[in-house]
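Could you build all of it, start to finish, from the sequences and the hints given here?
As you go down the protein sequences, you meet chains A and B in turn. Letter 34 of the first sequence, counting from 1, is numbered 16 in my numbering, and no numbers are missing. Letter 13 of the second sequence, counting from 1, is numbered -5 in my numbering, and no numbers are missing.
Derived from the structure by calculation, the hints contain no laboratory data. Among the clues, some could well be false.
Covered stretches of chain A (in silico footprint by chain B; criterion: 3 or more residues with CB under 8 Å from a CB of chain B, positions within the stretch not fixed) [stated by the list, open to error]: (1) 16 to 23; (2) 153 to 163; (3) 193 to 204; (4) 341 to 353.
Here are the computed distance ranges between Cβ atoms for each label pair [said to hold, decoys possible]: (5) A:A232 / B:G160: 46 to 54 Å; (6) A:A324 / B:R272: 32 to 40 Å; (7) A:A122 / B:R374: 57 to 65 Å; (8) B:A232 / A:R373: 46 to 54 Å; (9) A:D16 / B:R114: 44 to 52 Å; (10) B:D16 / A:A371: 15 to 23 Å.
Cβ atoms here follow ideal geometry from the backbone N, Cα and C, with glycine treated the same way.
2 protein chains.
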Amino acid sequence: MTDFAATRAAFELPEGVIYLDGNSLGPLPRGAADRAARVMREEWGGMLITAWNRAGWMDLPGRVGDRIGRLIGAPAGSVTTGDTLSIKVWQALAAATRLRPGRRVILSDTGNFPSDLYMATGLCRLLGDGWRLETVAPEAVAGAIDDRVAVLMLTEVDYRTGRLHDMADLTARAHAAGAITVWDLAHSAGAIAVDVTGAGADFAVGCTYKYLNGGPGAPAFIYAAPRHAEAAEAALSGWLGHAAPFEFEAAYRPAPGVARMRVGTPPILQLAALDAALDVWEGVSPADLRAASIRLSEAFIARVEAGCPDLTLAAPRDPAHRGSQVSFRHPEGYAIVQALIARGVIGDFRAPDILRFGFAPLYLTLEEVERAADILTEVMAGRAWDSEAFRRRAAVT
Amino acid sequence: MTDFAATRAAFELPEGVIYLDGNSLGPLPRGAADRAARVMREEWGGMLITAWNRAGWMDLPGRVGDRIGRLIGAPAGSVTTGDTLSIKVWQALAAATRLRPGRRVILSDTGNFPSDLYMATGLCRLLGDGWRLETVAPEAVAGAIDDRVAVLMLTEVDYRTGRLHDMADLTARAHAAGAITVWDLAHSAGAIAVDVTGAGADFAVGCTYKYLNGGPGAPAFIYAAPRHAEAAEAALSGWLGHAAPFEFEAAYRPAPGVARMRVGTPPILQLAALDAALDVWEGVSPADLRAASIRLSEAFIARVEAGCPDLTLAAPRDPAHRGSQVSFRHPEGYAIVQALIARGVIGDFRAPDILRFGFAPLYLTLEEVERAADILTEVMAGRAWDSEAFRRRAAVT
Chain A
-17 MTDFAATRAA
-7 FELPEGVIYL
3 DGNSLGPLPR
13 GAADRAARVM
23 REEWGGMLIT
33 AWNRAGWMDL
43 PGRVGDRIGR
53 LIGAPAGSVT
63 TGDTLSIKVW
73 QALAAATRLR
83 PGRRVILSDT
93 GNFPSDLYMA
103 TGLCRLLGDG
113 WRLETVAPEA
123 VAGAIDDRVA
133 VLMLTEVDYR
143 TGRLHDMADL
153 TARAHAAGAI
163 TVWDLAHSAG
173 AIAVDVTGAG
183 ADFAVGCTYK
193 YLNGGPGAPA
203 FIYAAPRHAE
213 AAEAALSGWL
223 GHAAPFEFEA
233 AYRPAPGVAR
243 MRVGTPPILQ
253 LAALDAALDV
263 WEGVSPADLR
273 AASIRLSEAF
283 IARVEAGCPD
293 LTLAAPRDPA
303 HRGSQVSFRH
313 PEGYAIVQAL
323 IARGVIGDFR
333 APDILRFGFA
343 PLYLTLEEVE
353 RAADILTEVM
363 AGRAWDSEAF
373 RRRAAVT
Chain B
-17 MTDFAATRAA
-7 FELPEGVIYL
3 DGNSLGPLPR
13 GAADRAARVM
23 REEWGGMLIT
33 AWNRAGWMDL
43 PGRVGDRIGR
53 LIGAPAGSVT
63 TGDTLSIKVW
73 QALAAATRLR
83 PGRRVILSDT
93 GNFPSDLYMA
103 TGLCRLLGDG
113 WRLETVAPEA
123 VAGAIDDRVA
133 VLMLTEVDYR
143 TGRLHDMADL
153 TARAHAAGAI
163 TVWDLAHSAG
173 AIAVDVTGAG
183 ADFAVGCTYK
193 YLNGGPGAPA
203 FIYAAPRHAE
213 AAEAALSGWL
223 GHAAPFEFEA
233 AYRPAPGVAR
243 MRVGTPPILQ
253 LAALDAALDV
263 WEGVSPADLR
273 AASIRLSEAF
283 IARVEAGCPD
293 LTLAAPRDPA
303 HRGSQVSFRH
313 PEGYAIVQAL
323 IARGVIGDFR
333 APDILRFGFA
343 PLYLTLEEVE
353 RAADILTEVM
363 AGRAWDSEAF
373 RRRAAVT
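See the structure below:
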């Protein structure tokens, strides 16, 4: 049995806050702050340039990648880390397009995170030659996969609604039509049980500052199925993806396997914080995590629906079709979220009308979730959100 | 007058080490460690997601960009930060290629850093349609600029030899031929006096972990001349380069100006460390810095040439044609550098035969530089490098 009291104790959580926004930025693991301080003073400060070897910095992207691999069902050596999720989406897409010459369509859905769609559009524009992104409604994806599709690019869990795609089923359909899949696991890794190997995924990418608690701007990860790794082209062919970066050869030669997806100098401070954050996952069973997440989200939905008739559930009602977040709709969603934050309940707002609440069993208790639902009920009943101060939108929420 | 005793006191420097490798990784500014600790505990730990607004994280890439802008002669609002240098090279190149439709050549030199050449090759491959990278010897660049050239991509200071290109002259020649320039300032920013505006540069990029002391994997920067900023296309069109990222629009609309060159979620821990590292530059005069750098490198060359007849100067003899580093050649360069490191003098080796020494007046004294030359003289005179232990090459040096 996973000891969730122990995992909760591993985090610094501010007094008086119920944090339902770990799906945007996970909280600070105590070990991450200590590790970053040590890396700065002892490694950077004390070893200077020699830390690249002596402190093992050069291999950190792959070592951290392997730890993430264990959380998503990827074998050792098939995941590396670095850059941002948008860059890794681009790399996976560019590699995938090369594997299906003759086809010209990247298929995605309208619920995908906009940056994934923007990156795909930008790639198509550079590729020219008829390449285009096509999007359909999430529920229409299965029916839209045909033999024009080179790449099926989907985010497994919808960032607004929490709707969960069936990765294994859609991957099988894509393969049957001769397409390659790129899965974005931003809201999956650390949130639900993920098995890229079992699902047959070709490429997968994700970020680490949400449920993996790696910190603001923590690096992204990329998985290439071993069957593709040697054929995959690293379109962003930087020196640290070279087979022998320190030979400084004039021509690019890709490193073996997924290591070719490294680009430039890795962000060591962020990687070290992430590495420490992953310590919390040792001993966490994916099945326990999923069961606890469903328990929390079901309790929240029941209590909010009972108390807040004006909020409309935007997440799938069946937990089997939901990630680890719950969303409601309301035209004044932004102001409601601000009123909640003022009362110590941190969720977030996603345009145009989504109130979004993430459930991370590593540090969240059933009691907190119930109290959060009660506070939301008070805010709605008393129209506590109805003030100018709460309605004024800031750049980020 | 710049107070170099004060700037030196701002760094944590290990006892017994003479550090001549700040051109690879600058040492730890005391303020950077304190700032990173504060960002982790007070902002990430204490404010959680709300720190994106409350702690000003969202604007940090531009604020830090403006501070770097002041060191390279760029106006406010023309520089942003993020990603790695290789990614920023790609973005600048991709934007530049779009500004010269009809042409198909990116011109560079064989002394350029390999990653820049790799990224250019990768971009040409994606663009197809006859796009190609052509390289000539560094001294042949001026004569090779013709009306086939869309983009002239150069690194101002050669990473091996320290040779300095004349940015203003080559930019003027490029413009006369109708080409766009992309300047890599990796070994220029914080090393020499740089004036991208005066030189008329179109795009410039650089890293911040060398002379700017931002820490291992600190983010890169990119400058777009204001005359191009609104026309420049962000080929890696990520959500944080969108005009309104938090509207989550289906279609990409670039942010005004250089902000469109942002891609994904910024690495806040690295950016905060870099921001603190830039504090050291307040009050440093570029002219004083350049004069001090030349004093140090001239003293080093004179003393090494007097004591080490087997070492061949690989850097330009005229300091006006040199950056802030000095290189020598020797077939056993790797082992010699290892023997020096064992004696507390940290320089580095660059394949195939370059011993490389960087001079950063912010924390390096003339006395240290002379002592380093004396230790190198002892190592050479006694063949102290001639041992198996020093000859065994590690992955990074």
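Tell me the hint numbers this structure goes against, listed in increasing order.
2, 4, 5, 6, 8 and 10
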